Amino acid sequence: MKEFQLLRYLSKGKFIILIVALLGAVAVYFYAGSQQVYTATTVIRYANGAITDGLTPNGEKLDVSEIYSSTVIKGAIEDLGLNCSVDEVRSKVKVTPIIPEEEEEKKETAISKGEEYSYFPTDYVITYEADSEKSMNYAGNMLDAIIENYYMFYSEKYVDQLILPNNASNISSNDYDYIECAEILQQTVKDIDDYLQQKKASYPDFRASATGYTFTDLENIYSYIINHKVPHLYASILQNKYTKDNDLLLKKQQKHIEDLDISIQNSRQKAKKLKYLIDNYSEKGINSSKKALQDDSDESTGSTIIEDVDHYGDELNVITTYDDLIQAYVQINQSIKNDQIDKEHTKYIRSVFVDNTNNRVLSKDVETEIDTLVKTLNDEYKIVQATARELNEFIGADYLNILNSIVTSQKVNTKLYLALALVFFLFFGCVGAVVIGRLKDFIEYIIYTDKTTKLPNRQRCDVQLNGLSEKELGEQFTCMILRLDNLKELNDTLGRSAGDTLLRDFGEMVKTLSRNYGFMGFNNGGMFMGLFEQCPATKADLFLDMLDKSVKEYNEKQIELQIRYSAAYSNSTDEETYDIRKLLRSTFGKMN
Numbered sequence: 001m002k003e004f005q006l007l008r009y010l011s012k013g014k015f016i017i018l019i020v021a022l023l024g025a026v027a028v029y030f031y032a033g034s035q036q037v038y039t040a041t042t043v044i045r046y047a048n049g050a051i052t053d054g055l056t057p058n059g060e061k062l063d064v065s066e067i068y069s070s071t072v073i074k075g076a077i078e079d080l081g082l083n084c085s086v087d088e089v090r091s092k093v094k095v096t097p098i099i100p101e102e103e104e105e106k107k108e109t110a111i112s113k114g115e116e117y118s119y120f121p122t123d124y125v126i127t128y129e130a131d132s133e134k135s136m137n138y139a140g141n142m143l144d145a146i147i148e149n150y151y152m153f154y155s156e157k158y159v160d161q162l163i164l165p166n167n168a169s170n171i172s173s174n175d176y177d178y179i180e181c182a183e184i185l186q187q188t189v190k191d192i193d194d195y196l197q198q199k200k201a202s203y204p205d206f207r208a209s210a211t212g213y214t215f216t217d218l219e220n221i222y223s224y225i226i227n228h229k230v231p232h233l234y235a236s237i238l239q240n241k242y243t244k245d246n247d248l249l250l251k252k253q254q255k256h257i258e259d260l261d262i263s264i265q266n267s268r269q270k271a272k273k274l275k276y277l278i279d280n281y282s283e284k285g286i287n288s289s290k291k292a293l294q295d296d297s298d299e300s301t302g303s304t305i306i307e308d309v310d311h312y313g314d315e316l317n318v319i320t321t322y323d324d325l326i327q328a329y330v331q332i333n334q335s336i337k338n339d340q341i342d343k344e345h346t347k348y349i350r351s352v353f354v355d356n357t358n359n360r361v362l363s364k365d366v367e368t369e370i371d372t373l374v375k376t377l378n379d380e381y382k383i384v385q386a387t388a389r390e391l392n393e394f395i396g397a398d399y400l401n402i403l404n405s406i407v408t409s410q411k412v413n414t415k416l417y418l419a420l421a422l423v424f425f426l427f428f429g430c431v432g433a434v435v436i437g438r439l440k441d442f443i444e445y446i447i448y449t450d451k452t453t454k455l456p457n458r459q460r461c462d463v464q465l466n467g468l469s470e471k472e473l474g475e476q477f478t479c480m481i482l483r484l485d486n487l488k489e490l491n492d493t494l495g496r497s498a499g500d501t502l503l504r505d506f507g508e509m510v511k512t513l514s515r516n517y518g519f520m521g522f523n524n525g526g527m528f529m530g531l532f533e534q535c536p537a538t539k540a541d542l543f544l545d546m547l548d549k550s551v552k553e554y555n556e557k558q559i560e561l562q563i564r565y566s567a568a569y570s571n572s573t574d575e576e577t578y579d580i581r582k583l584l585r586s587t588f589g590k591m592n
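For reference, each letter of the sequence shown is one residue, going 1 to 592 in my numbering.
Quick caveat, the hints were computed from the structure, so don't treat them as lab data. Owing to the predicted nature of the structure, the values given are computational and were not obtained by experimental measurement. Some clues are possibly wrong.
Claimed, not checked - No more than 20 Å apart at the CA atoms, straight line, and that leaves these computed lysine to any residue pairs for SDA-like:
1) Lys-157 x Gln-35
2) Lys-92 x Glu-102
3) Lys-190 x Asp-371
4) Lys-92 x Thr-127
5) Lys-471 x Asp-574
Model the full assembly from the supplied sequences, consistent with the hints where possible.
This is the structure:
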């Protein structure tokens with residue numbers, strides 16, 4: 001059997017090794033990918049003064065679950081332009097409080113003593129996990145969008161309020177008359193202008209990076225609209241008495257006047273009751289009409305309280321102070337004044353249209369002016385909204401801080417697993433190549449090796465010849481035949497064991513000498529066949545010279561066993577024969 005040669009096995013099995021390594025690495029890569037989880041992490045801190053009591057800037061109780069509320073998650077999904085469900089994202093968001101070690105010790109001490117313990121964390125770790133179908137960038141972008149939307153949510157809910165709605169956007173979808181459209185537009189512009197004046201006074205230097213506007217810029221725009229655009233629309237409608245349905249408009253105006261009368265009457269009754277309480281607000285009057293408001297043991301609060309004024313109905317069935325009464329009284333009287341102004345305005349509008357001879361007085365110019373003004377207000381409202389949102393974020397930054405940038409990581413280090421897989425399967429492939437190569441040697445030894453000479457047997461010689469017969473021989477191909485001439489004689493005189501010894505010894509000689517020449521096999525009947533590529537006649541003669549020398553040395557050491565052999569060879573170039581069968585016949589011919 002062939003010697004164990006590691007490099008020979010590895011060289012022959014290099015393709016097997018490569019395929020095993022690649023297939024193994026690919027399998028590990030896909031398996032690691034299926035187990036992959038991408039995690040994005042950041043830390044936020046609530047910085048308002050009341051947070052140590054678990055309260056938000058406006059005094060409400062802090063609820064960190066709002067970080068993954070439907071509103072916040074929906075906003076994040078929309079910002080990223082994704083098509084996924086809110087619940088799918090929410091389920092992968094985790095909020096973990098950071099509790100210092102000393103607080104843990106305080107908690108344990110308090111519990112061991114049976115005392116109550118409360119601590120409200122200020123720092124929280126926010127994580128978002130994306131499965132293997134996503135990517136590390138996806139996880140980071142999603143958490144960033146969640147934090148950004150939570151900033152806006154937190155600021156709008158606890159720090160500042162949202163701006164007023166844009167009622168002008170509803171005009172086109174409702175069947176309003178011309179004058180009603182003008183009134184709605186006027187009120188919308190006035191409400192937003194009032195809002196902008198407040199912001200201009202509170203934040204005079206704030207300029208939004210997204211829009212480039214300050215609140216002063218925006219307030220100037222709305223002031224121009226309310227002072228020029230809206231009055232022009234009013235004048236055009238009233239001067240020409242434009243209306244879509246005059247009868248319906250008059251009915252609406254009359255109904256509005258009646259509603260205002262009822263509102264004014266109710267407000268006056270409330271004002272009368274409040275006036276009575278204010279006029280009779282004295283310690284003596286209170287004690288004579290009610291039981292003592294406070295026990296003598298109560299601490300003084302600096303203001304007297306009126307409790308349960310039941311003879312004036314449920315409207316005043318409250319605990320209130322003198323300042324509250326005054327404030328309520330002023331508000332009710334202001335409401336009466338506003339209703340009276342609205343009533344007079346409505347009566348005036350009705351008087352304009354009451355003498356209309358036509359029920360429908362349409363105007364394409366007015367409709368176009370209304371549509372243009374609505375579009376302008378919608379466009380400007382978007383700018384106002386974007387500016388206000390950025391202000392809320394700016395304000396919220398004072399109360400909600402991000403302590404570190406978003407860090408993304410992966411559960412499975414795919415590169416490391418891939419490298420280890422390549423090393424492992426390369427080793428596994430090498431072992432497999434060696435095992436297969438050695439197994440092949442063993443099979444060849446069993447099937448194709450002559451047990452006496454240890455050379456390839458006749459079957460192997462036939463395989464070799466069949467392979468060469470399928471192609472044309474190259475130049476300087478040599479076919480050599482060696483024959484033991486005295487083999488039969490030794491078998492007859494000294495026995496078969498002596499003949500086997502001679503075969504073994506001669507076979508060892510030719511095997512050793514042919515190692516650097518090519519194939520040498522035993523073809524039975526004491527016949528040996530050599531097939532040597534790139535072996536000119538000079539090299540073949542050298543082979544025979546070395547063989548003669550080895551045989552001579554062998555015969556000198558032996559008494560009974562003597563080697564006598566014949567040899568012949570044919571060269572493809574010299575014979576100009578490039579067919580193995582013909583070359584072989586030529587060689588046999590020389591032997592005879």
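Hints and how they fare:
With a C-alpha separation of about 39 Å, the suggested pair Lys-157 and Gln-35 falls outside the 20 Å cut-off, and the hint is violated. Among the hinted pairs, Lys-92 with Glu-102 is inconsistent with the structure: their alpha-carbon atoms are about 30 Å apart, more than 20 Å. For the suggested pair Lys-190 and Asp-371, the alpha carbons sit about 18 Å apart, so the restraint of at most 20 Å is met. The suggested pairing of Lys-92 with Thr-127 holds, with an alpha-carbon distance near 8 Å, which does not exceed 20 Å.
Under the criterion of a C-alpha separation no larger than 20 Å, the hint pairing Lys-471 with Asp-574 is consistent with the structure, at around 19 Å.
In summary, the structure is inconsistent with hints 1, 2 from the numbered list given earlier, while agreeing with the others.
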